[in-house]
Amino acid sequence: GFKWCHFFNRQKSTKAKGRNDREQECRNNLVESFVEHHLTVEQIRDIYIDSNIHPQYPERSDGLNSLEARKRLRDGGANIIECPRKINNVKLFLRQFLYRLWLLLLGAAMLSLATYIIHLMHGNNEPVNLYCALILILIVTLMCCVTFYQEKQTLQVINDLKAVLPTSCIVIRDDKKQQIREEELVTGDLVVITAGAIIPADMRILQSNGDKEAYDYTHEAVATYSSVFDARNVAFKGSFCLEGDGIGIVVRTGKYTVLGYIINIHHQVSKTRSKLKVEIDKFVNFISILALVMATVFFMFGIIINNFQNVLDHFIIGFLIIIVANVPQGLPAMVMSQLAIIGRRLASKNVYIKKLDIIDELGATTVVATDKTGTLTQNMMVLTDLWYSRKHQPSHNYVNNQFILNMSCPKPICEQPLSDMFVVMSVCNRAHFECIRKSRPLTSEKDGDTNVSALNVGQVSKRFTVLNSATGKPSVAVAMENNAETNDVCTIDDIREANKVQATESQQQENNVFERDHIYGSPSDVALLRYVEMFSSVEKIRLDYITVLDMPFNSIRRYHLVIARHVTGLSKVEKDNKAVNESSGGANFVMMIKGAPEVVLKYCGYLQIDKECLPIDRKLRQECQIAWEHFGNEGKRVFAFAIKRFFTNDVNVKFTPSDIVLENLTFLGMTALIDPPRDDAANAIKQCKEAGIKVYMITGDHPTTAAAIARKIGLIGIGDETVEPSGRDHLKLSVVGAKQRNWGIATGDDLDNLDEYGWNKLLKKKYIVFARINPHQKFRIVEECQKRGEIVAVTGQGVSDTQALACGNIGIAMGVTGSDIAKQAADIILTDDNFASIVKGIEEGRLLFDNLRLSIAYTLAHLWPEIFPIILQFTLGLPLGLSALQILSIDLASELPPSISLAYQSPESDIMRISPRHRNDRLVSRSLLIYSYAFIGTVITVGCIVSFLFVYRYHDIELTDLLFTADNYWSRESENLTVSNGNVLTPREQVYIKGQAAAAWQITLVISQIFHLYMCTTRGTSLFRQAANNLVSIFAVIIEILLLNLFIYTPFAQSFMETQSPPNEVDFFIKKKMM
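Per my numbering, residue 1 is the first one in the sequence shown, and the count goes up by one each step.
Note that these hints are calculated values from the structure, not bench results.
Among these hints, one or two may not hold up.
Unchecked claim - 30 Å max Cα-Cα, derived DSSO-like pairs, lysine-lysine:
1) K354 - K277
2) K764 - K689
3) K654 - K764
4) K686 - K354
5) K766 - K712
6) K840 - K275
7) K152 - K391
Said to hold, decoys possible - Restraint ranges, calculated between C-beta atoms of paired labels, are given here:
8) E68 - Y520: 25 to 35 Å
9) I1034 - D680: 42 to 52 Å
10) Q43 - E68: 18 to 28 Å
11) Q786 - L134: 50 to 60 Å
12) T1050 - V946: 20 to 30 Å
13) Q309 - L94: 39 to 49 Å
14) Q393 - D650: 54 to 64 Å
15) V35 - F647: 38 to 48 Å
Every value quoted in this text rests on a predicted model; they were computed, and no experiment measured them.
For every residue, glycine included, the Cβ atom is placed at its ideal position computed from N, Cα and C.
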């Protein structure tokens, strides 16, 4: 049956009254436009005549033909809803200027430009202020260009990755099932819907399986629903099939669907900010406030000391420079570059990130709650063992004999109860063989012309695809029918064209072959069909049964039940045309059940041994239990099979789930299937253990099976847990292991009985195997972990996993086997369904956080060395150590390449051997600020001061000679300066020496930051080895040194920045000090 997750009903209206009125009006219009929910299936058939609907058995319908579907697609348009317009490049580029840091720099540029104009109006031409303004505007524009490019690249990453998960659906066309793209769907198409599938268009449900309500509302004569939104026989585009399956006919496509109307109304969607975005915004706010406060304080301090003289000069020094020194100009480009780089890197590792900033939270994962099947295992089930007639049957282990699948091989005769087991395996099974078409040369035009005369005299041929009752092979039967009395008039061209089409179809149908090596369905169903095909014909078996009720397997009931009508004695015509419905002699029905052995055995009263049926007593139950425990301890999944035959006088009886009474079934036997672990699963588990990440394996399998697989991949210990019998029908493994070990095993029944203390005790274990878990229990596990401060990455693939995926901090869906609703709920999609890919994603997430922190630490370190010259001038009256243009050249030129290069930093060798960070760890922590400001910033500042004073000492100028000389000396208009040794310095000499000292300060600062760059990139690895891993940083350092030489040693830059080449002795002193 269907349980729909309606998109319309999920919308939470919190808008203004006017918007609510528009929504209500639109809803009313939708209600009036839908009429299909009032119609019966027979009426739907009459309206959609081209769909060739079979009203009683819609799965036998022919569907639209391809020509009609193409015509409707051309006339009605594709089944797509136009997405909101993407922001154009101009708006995207202009939006970059609204970044808070850039606004600060632009504000400083405008103030610098205003200062230059004011000085110019007073006859004082100081181009340095103009240069500062122009450089600030140029750099902000350049950085906006960089961030614009990076944002475009990031958007392109997401757009490229969307192609990894194409949306498709299965339709019935040309009397066969076809898989087509969702946008090719047209009105009148018959769509096959399965559990977990997204609904591709608005549909009227014609048939559903597995729920009483579903059966009633698809076949009721007149629906009683006044509103389509109250009806239960329609499905809306964008919703999901949560349970069961069925067939529906498309009644609306594209923008005409309910979802299309909703998108037109809700065109504005509020966006939530990620944790990474919040952290970066907090850092930017901190920097902005710090810059404004420091600039204001030093500006006021400077003008007070100087008795409010030269206010504009102090404004430039105390306000403009401090703002520029505080702003990390490379931060936006670095963040965008890093997200784009890691996003592409993860895409190459089969990890699709729906929102790139979730990578940071993935890196903080402390618990990985993973499914077993398909994630830790290969999802390739193989039947290895049979148990029936109270013993293991080794004679039927033909696992590797693939040649038996060839239809030409004779099939051995199967004894009872194996033959009944094969019936249950085949009929109570949703897998199916692929029907492939092998092309052959078409019938020649000459042959087609020859047949025209036959057609013209009233003979028409009808072709039927028939399955041979003995072999199960498809073949084509041709029948001739007199058409002489027909009133239809056909031209010769029409007849010739029709003959060509029929000839082509005939040749194609004759070459339709059931490909035995291509079976579609769940891995366990595929394995069962493949095994049956070794000994019998699945198609032949299925021909003998007509399914009237199908209750699919789910993790709650843990069985798959089918009720089928046994029609072995009926002719082929009766089977095809359903003439059996006219019979009044009653019919034989068979109830078949397949599922978990402890569940199936509970409903059985008899055990079939050869051709006899024995009542099941305690001894027989123990024998069965010992058998499935034996297979489970080998890591195999065990299925049990049971059957019950009964007769009813009413051949048209309709069965519903509420009518089913599961009792006194006959237990046939069991099969054991193995799903081998992935080759890299053990290594991935080892990496998680080394990284301090807890791993919880969650499965619906029996505890013994789950424990065996967990041992094989190294998740838990080997052979020291105790298995204790608990009751007659099942086993119970101890919830918590021995005190000496850090792993445990728990079953779903155990979890239901746990109190708060029990959960605390269980979740202290680092590695836990959860067996026989249902969806609610999986959700409970995730919830309990989060209550204890864990960051949980949870995997899922089915409909039942949706709640857990949405609840987890990071939801990870399977891209290959996952349902549409699971992918929709998840944050990350694995395109290879591999657990090892999760570990790679965690590593990249840790790398992202580390690189962000080290780049911020690198950027903040230059604050004190750039601000301290102002402090020395304002407090001690020393000459200015760094000019405004020098600070701009450092922050906006020299340090920009290294800060961006950190986005390309590779992880350290021990990144996956340290424990996860705490969830409350801040991106810019107190320890990081202390390191950047108090430690490394102070060290660099001291080095710069020493180099600065060394230049003056080189010219025999003592520190006492420099005190309180900044206002009256060290400029071209100043007086001669007499130092303590009696030397007299002219204004020209003063400016020259000041330029050398400023250059020494700049050289020391830049060279110190180069060493600091590699200090940031490694904690314990050799600096030279770590540097070699990031070639981009090497090129960035080369560029930085070249720019430094450009600013210090070229005559043009010297005149522009008022610097001079320092003495060779000073260069030697700086290099010696750095070493």
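Cross-check of the supplied hints:
Note on K354 and K277: the hinted pairing holds, with a Cα-Cα distance of about 15 Å set against a maximum of 30 Å. Between K764 and K689 the alpha-carbon distance is near 14 Å, which keeps this suggested pair within the 30 Å criterion. As the CA atoms of K654 and K764 are separated by approximately 52 Å, the hinted pair breaks the 30 Å bound. Distance hint between K686 and K354 is fulfilled; the C-alpha atoms sit about 27 Å from each other, no more than 30 Å.
Distance hint between K766 and K712 is fulfilled; the C-alpha atoms sit about 17 Å from each other, no more than 30 Å. The hinted pair formed by K840 and K275 meets the criterion: a straight-line CA distance of about 21 Å does not exceed 30 Å. The straight-line distance between the Cα atoms of K152 and K391 is roughly 66 Å, outside the 30 Å bound, and the hint therefore fails. Separated by about 26 Å at the C-beta atoms, E68 and Y520 satisfy the suggested range of 25 to 35 Å.
For the hinted restraint 42 to 52 Å between I1034 and D680, the CB-CB distance of approximately 33 Å leaves it violated. The hinted range of 18 to 28 Å is satisfied by Q43 and E68, whose Cβ atoms lie roughly 21 Å apart. Between Q786 and L134 the C-beta distance comes to about 53 Å, which sits within the given range of 50 to 60 Å. Range check, T1050 to V946: Cβ separation about 26 Å, and the 20 to 30 Å hint holds.
The hint said 39 to 49 Å for the Cβ distance between Q309 and L94, and at roughly 41 Å that hint holds. The given range of 54 to 64 Å is broken by Q393 and D650, whose C-beta atoms sit roughly 39 Å from each other. At about 42 Å, the beta-carbon gap between V35 and F647 stays in the expected band of 38 to 48 Å.
This entry does not satisfy hints 3, 7, 9, 14, going by the numbered hints stated previously.
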